[in-house]
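Hey, can you work out the whole structure from these sequences and the hints?
Letter by letter, the chains look like this.
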Amino acid sequence: MTLKFPRALALSALLVGSGSAQTVPDKDYRDFKGSNGKVIQAVLLDKTATDAVLLLRDGKRATIPLTRLSDDDQAYVKDWSKDKAMFVQKCRGLAIRQLLELRGYESFEFRLQNNSIFIDGKLNGKPARFLVDTGAGTSLLHAPFATSVGLVVGPMDEKIYGVSGEAPAGWTPVPTIQLGEAVFKDRRILATDLLKDKPPGSKSREDVILGAEFMNKLDAVISYQDRRIFLRPDRSDESGVKSGKGDEGLAFRLFKTKEGKTLRGKVISKTPTAATIELTDGKKNPYFIDSFVQEDEAYLRAWSEAGAFFLQYCQSLTINELLTLRKYQSFQFERRGNHIFVEGTLNDNKVTYMIDTGADSSLLHLSAAKKYGCEVGPMNLEVYGIGGKAPAGVTTIAKLTMGDAVLTNRKVLATDMVRHGEPDNLDYVGLFGADFMRELDAVITYTETRIFLIQR
Amino acid sequence: MQKSTFTRGLLAVLGLAVSMAQAAEMRTWMSRKGGTMEAELGSITGDQVVLVPKDGKEQKFKVEDLSLADRQYLVEFGGAEASIITSGAPGLPEKDDYIDAASIKKLPAKLRLGETSSMLAFEVVQSPHFLVASAGKIRGQDTADTAERLWHGMAFQHMNFRKDWGDKRMLILMVDDRKVYKALGEWYVAFLLKEGDQEGAQRSKTVWDKVGSNQIRVPDDTIKEYNLLPAAILFNITEAASFAKPLGAFPTHSISSVLLSKQMSGVSSFGAEGYFAIVTGHAYFKEIILAKKTETHLLDVSGTGNDEISSKAGFKDGTSWAKTLRPLVRKGKVKVELEAMLKWTGADLTPERLVLIYSFAYYMESDAKRLCAFAKMIRRIESSNQIPPAEEIANIFGFDSVAGFEADWKKFITDGEFK
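Chain order of the listed sequences is A and B. Per the working numbering, the first sequence starts with residue 1006, numbered consecutively. Per the working numbering, the second sequence starts with residue 10, numbered consecutively.
Note that these hints are calculated values from the structure, not bench results. The beta-carbon is built from N, C-alpha and C at its ideal position, and this holds for glycine as well. You can take every hint at face value.
With a Cα cut of at most 25 Å, we get these calculated SDA-like pairs of lysine to any residue:
#, chain 1, residue 1, chain 2, residue 2
1, A, Lys1332, B, Glu34
2, A, Lys1164, A, Tyr1433
3, A, Lys1404, B, Ser277
Reference listing, derived: stretches of chain B covered by chain A, where coverage requires no fewer than 3 residues with Cβ under 8 Å from a Cβ of chain A:
#, region
4, 201-211
5, 268-280
So, partial list: chain A residues that the calculated Cβ filter (under 8 Å) puts toward chain B:
#, residue
6, Arg1102
7, Asn1119
8, Gly1206
As C-alpha cells, then:
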C-alpha cells in the first residue's frame, strides 16, 4: 500500500480505500476521516489555528487544513495538546544524540576541563586536543605543537586579537585536520604561542582551538547536558560519508568496526550475534555484532525492532521540537561573521551577548557593566587570553535574563574588551560563557541557528 | 565496574514481557544499596518506573528505591513530578551500600614515586573508583571500602557526580611508617619545586608533619599509568584504628571533604567565600552521622609566613555538639546568621562557630527536600565556580529572604531534628 497523502490532498480527494491492509492499527495511530469520508491512519504531531500536522504510516509528514477533516477530527485536533500526546510523551525521553545519530551526524563525547569543551582529533595525522570555541571566529594552532607534528609555521607577521590584547601569529599550511570521519584538507590556519603570555609554569590545555568556521561548516550541535558535540562529516572536504537528497538522504547511522572500517546504513534485523545492516547503497549485509567498536556494539545489542519502529517516529522531530517538549526555550541567534549573538537583558536593560563556549566564565565589557548598573569592584584581578593579561574587577550582576531564564546575584569579571586606541563602540555587553551555559543546559545548533536553554 | 546486579535493594515488582516501545538513552541507574544497572527509561507511572536493560526485558521498580540523582533525571528527562525527589527519607546510602569484597583487589605490582631505588614503593589495592596505596603496616582494604561508600553517597545525591568522575580513579596514599612519610615529604617538595610551585612547596614543608590528611598532586606519569585523577588524598597515619574498619571517623571526614570539593570543581578566587563553611560542615556532618564520633581537628595555616599553626575543634566530642549548641542558640549567645557564617575561614574559627557550621550542613542534608536544594546548590557551584551569596542560598532552599532561611534553620536547631 503506497499512499501519497499530501498530493492526494492537493487533488482534494481523501484517498485511502477503506479496505486497508492494516487491519489492527497500532494504538498510537488514529484514523483520521476526511470531509469526504475517507480514512487515513496518522499521528497528530502539531497544530496551528488552521492546520494539523500529521505523521503518516510511511514516516512522512503532511500539513492538512482543518477544514478538510471531519467534524470529529476537528474537535480532536482542537482538544489535542502537544504535551499530552502519547506519542510525543514517549519521544521526549529521546536524547539529542539518538535523534542526530540517526541523521548521519557523528557524535563526540567531550571532556569538560573547568567549563571548557575538549575533543580529540588529529592534526597532520597526529593526535591533538581540540578546544571547542564558538567565541573564536577562526581556528588557531598552538605553534610549538604545530611544529612538533611536522607542520611549518610561517613568519609570525600576522596579528591576532583577544580580550587582553594582541599576539603575533603565522600562517601554517595544514595538509589534514581530522575530527572523527570529518576530514579537512590543505587548509591554512594561523598558529600562535598560546602560552606566550600565560603565567610561568602554565601548560597548554589545547593543541588546537576549533573555531566557529569549522562548526558552521560541519553544522555542529553542542549539548552541555549530553556532554556531546555532533558534527556532519559529509560537510567536510573529504569523507566517505555522502548525503543523499534532503533529510531522507541522511537517514543512516555510522557504524565503526574494530578493524577501522566505517559503514553507513540502518539496522533492519538482528539475531543475538549478528545484525543485518542496510547500507546506503541499498545492499543488505549481516555483520557480527562483536566486530564493532564498543559504542556501536552496545547500540546493536540494545537495538530492537520495536525500538527502531518507535524511533522512526521520533526521528522526524527537529531538535527544536524535541527540546520544546522538554520545556526548553530557544532563541534564534544572530551570526555576525562566524560569531554568534543573542539578545537578553542586563539589570533589566535590553542588551546583546556573544555566545562563547571558550569562556570558562562569563565576562562583561567594563564600560557596559558600569553603564548598566553593575557594581564593579577594584581592578585588582587579571584575565588571561590571547595577547596576555588585562586588569579585571569582580563585578556583581544583580539580574541577567535570557528569555525566561533569570540569573540573579552573580559575580563575574569585567575588563576592557576594546582594543587599545580604538573607540569604545562594542555592540554587545560581553561574553555569555560556559558557566551560564552549563547551568542552563544549553544546546547550540548551527543548523537551526538556535540556542536552547532551560532553567532547572 | 558494576558492583553486582541492580536488583539488590530493589524490588523488581514485575518482570514485564510486554514489548513497549521506548526511545530513551542508556544510562547507569543506581539503587540505594549501590547496585547499578545500564538501562533505558521505559516509562514512569506514579511511583513506579519501568527500566529497559540491554536484553530488552523490562523491569518495574519503585521510584523511591532509586537514587536521588536518578529521580532528578526522571524529573528532568522523563517528565516525572518533582515531588518524587523529595518523597521519603534521605536515609544513609553510605551505610546501605553493599560492598562486594571481590570489587576490592590487591594489585600484584607496587606503585612507585620518584626514583626507582627510593623507599617510596606502595602496596596497592584497587576498588572501582579508588586506588589505595599504602606503606608501613597499614592495609588499604578498609579505606577503599570507606571511600567507595562515600563515593556511593555522592553519586546517590548528585546527578552529575558519576558523569564528572568518568572512568578514572582517585589515588589515596596511606603511610604509617615515619621514615617513608618523611621521604615522601622530601620527594613531594622537590616535585613541586620542579613544577615551579614555590608557594605549594613552602606550604607543604610547613604542614607536612602536623596534618593527618592532605591533598597532593599526582605526577603526570603516575596519572597516566593508573588512569588517575590529578589530586590524591594523603593520610599520615599515627593511629591506625579508624583506618582498620569501614567508615572510621577521620577517613570519613577527609574523604567526604575531598569528594564534595571535587564535585564543586574549581572555585574561583573571587567566589570562594562560603566554601569553608560548606565543605567543613559537610565533612563533620558525614563524620558524625556515619562514624558516630569526631576525631578530626582542623589545622589552620594562616598568615603568609606559614608559621602560625593552631588547632581547632568543636566542643569535645561531636555527638554532644547538638546538645551544647541548642541552649546557646536559644539564649541568643550563638546567632544563627547565614551571611556572617559564609565569611568565616579556618583562621577565625571558634568551637561555637564550628558547631554552627556543622548544624548548617546537618540542616541542609538531613531532609529530602532540603537535600534536593543542597544538590541544586552544589550543581550551581560546579559551573559558576562561586558559592552563591546568602540571598541566593535562601532562594535555592525556597525562601524569599535570608531571614526566612535563618528562622527555619534556627527552629531546626532549637526544636527540630538536630541532635
